[in-house]
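Starting from the structure of chain A, add chain B where the hints point.
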Amino acid sequence: MRRRPLGVALFVVLLALVPQFAERWVIDLFTEILIYALFALALNLMVGSGGLISFGHAGYFGIGAYAVAILGTKLGWPFPIVFVAVVLLSAAAAGIIGFFSVRLSSIFLSMLTLAFGQFIWALAHEWKSVTNGDDGFLNLARPEFALTRPSFYYFVLGTVVAGAGILWLVVHSPFGRILVSTRENPLRAEFMGVDVKRVQVIAFVISGIFSGIAGALFALFNRSVFPAIAWWSGSAEVLIMTILGGMHSFFGPVLGAGVLLFLEREITQYTQYWPTVLGLILVVVLFAFPDGLAGVTKLARLLPGRKKR
Amino acid sequence: MLKLQALRKSFDGFVATNGVDLELAKGERHAIIGPNGAGKSTLFNLITGHLKPDSGSVLYGGEDITGLAPHTIVRKGVSRSFQHTNVYPKLTVFENMQAALIAHHRMEYRVFTLASRLFRSEALELLAAVGLEEDADRTAGTLAYGRQKQLELAVGLASEPNLLLLDEPTAGMSAAETRHTIDLIGRIVEERGLTLLFTEHDMNVVFGIADRISVLYFGKILVSGTTGEVRSNPEVKRVYLGGGGHGAA
Chain A
-15 MRRRPLGVAL FVVLLALVPQ FAERWVIDLF TEILIYALFA LALNLMVGSG GLISFGHAGY
45 FGIGAYAVAI LGTKLGWPFP IVFVAVVLLS AAAAGIIGFF SVRLSSIFLS MLTLAFGQFI
105 WALAHEWKSV TNGDDGFLNL ARPEFALTRP SFYYFVLGTV VAGAGILWLV VHSPFGRILV
165 STRENPLRAE FMGVDVKRVQ VIAFVISGIF SGIAGALFAL FNRSVFPAIA WWSGSAEVLI
225 MTILGGMHSF FGPVLGAGVL LFLEREITQY TQYWPTVLGL ILVVVLFAFP DGLAGVTKLA
285 RLLPGRKKR
Chain B
10 MLKLQALRKS FDGFVATNGV DLELAKGERH AIIGPNGAGK STLFNLITGH LKPDSGSVLY
70 GGEDITGLAP HTIVRKGVSR SFQHTNVYPK LTVFENMQAA LIAHHRMEYR VFTLASRLFR
130 SEALELLAAV GLEEDADRTA GTLAYGRQKQ LELAVGLASE PNLLLLDEPT AGMSAAETRH
190 TIDLIGRIVE ERGLTLLFTE HDMNVVFGIA DRISVLYFGK ILVSGTTGEV RSNPEVKRVY
250 LGGGGHGAA
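Listed in order, the protein sequences are those of chains A and B.
Residue numbering for the first sequence follows this note's numbering, starting at -15 and increasing by one per position.
Residue numbering for the second sequence follows this note's numbering, starting at 10 and increasing by one per position.
It should be emphasised that the hints constitute simulated quantities derived from the structure, not laboratory data.
No residue lacks a Cβ here, since even glycine has one placed at the ideal position from N, Cα and C.
You can trust all of the hints, since none of them are fake.
Only part of the chain B face toward chain A is listed, based on derived beta-carbon distances under 8 Å:
hint: 1; residue: Asn95
hint: 2; residue: Lys99
hint: 3; residue: Leu123
Okay, the calculated bits of chain B under chain A, using three or more residues with CB under 8 Å as the criterion:
hint: 4; region: 79 to 85
hint: 5; region: 106 to 112
Pairs of lysine to any residue, SDA-like flavour, derived with a Cα cap of 20 Å:
hint: 6; chain 1: B; residue 1: Lys99; chain 2: A; residue 2: His156
hint: 7; chain 1: B; residue 1: Lys61; chain 2: A; residue 2: Arg87
hint: 8; chain 1: B; residue 1: Lys99; chain 2: A; residue 2: Gly35
hint: 9; chain 1: A; residue 1: Lys181; chain 2: B; residue 2: Lys61
hint: 10; chain 1: A; residue 1: Lys181; chain 2: B; residue 2: Gly76
Isolated chain A (complex conformation) (with noise of 0.2 Å):
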């Protein structure tokens, strides 16, 4: 475990030098698993330590991504404060809905969840006069320092790393331990001291947070929005990366966002049932490997030796 420090570093120095060496259309696919990378991250904060499934996360997503467009390309607002636009307008959206969900527990949360990240939809689709309903907007503009295709990447990449790098603090952080603590036995937990709710709505706002910034780095990167963006199966897409990759591991959803994006785009192109083979993949995963793929390696580091506090 002393070596995942290099290890990562390693790996980020390597995806550093994908543009310098790939094809075009691998830096794409190498951006958009990024993108994705970090929307697993952020919803494996409520799903992997607090216990709490969302079936919405696409409704941050898609307030990402419409800030994006609205606030920067259609009123043409200076990227930094469009930035801290998407923070916060996503940080309110999570901290209305988790407010209310936190009240529930288990599948009623989910569901709630679920009927909010619809009602995200709902209004990306029906309020024409912001959202341009079902025509959406095209043409967005990206912060002049990310025009090129390699220069995209690396503020993709600096964003995500930097993303990441929170999340991973928050997750080993006090915060983290009393999330994990209310997952594990909620009763105990407040009568530790703690105030269980307001510790699961603040999982959801910086979990929000950075589903929202993921959502903006995926317009830009598409350069265009949609309503079906923030349509739930984005939300079950996410979370089948999350569980793919393994959601009781920090970094399992990063791969189970790469995993789950290379196959897509190999698959597709030898069969139109891509869908079934998710599936399959999934229950292989889900009955093998409960701890995703993630899992299967830390099979072998497990083996020897007890877990280091």
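Just chain B now, kept in the frame of chain A:
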């Protein structure tokens, strides 16, 4: 220290707590005994804020704490354990203690420090106090039942309570574990100057720890007094200790 006044709680017409008055002096070790369904756990839940009484009040250190949230009451110095073990099963014993200490030191909203570096010596100290230092790195859920209860005791102590509530601290333990736990609780309460309120079925445990006993029967306190008074009370013998009083001590 603790004063309950005319506490009442009913669930769908079933009266679980039917006008309980009880007063605990500082340093007292008070046992609540009574048959199953007498309302012992409900009483605990009313004191610690998990349930709100229909009427009556809970005073702690002269302050009315009736109906406050559990996490607020814990902060005032009331700690409790549960009848069924309540640890964080997937965390190590050490991590369980750290979580308790983080909560106690109100650091639960800090995000830019590492939890693993916090309160290491305090955690080991508390684990040593309950005899669990050897198990620090084990996953809490894999500990034997009795040891999980000891961990729970250590977790309860992390909040530096003045009043400790233990709900059947030896339930499910072997005879040896029970003896060990009686000694442990006695020693900890003594060393830390705690006031103790506990429920228990095992009369050996009750007489081994308590200096006062209240008998709860159908949501009411039947008798309250010193261990000697309760032991010799004819009504208590009839409803609880069973007939001639043999086997009680």
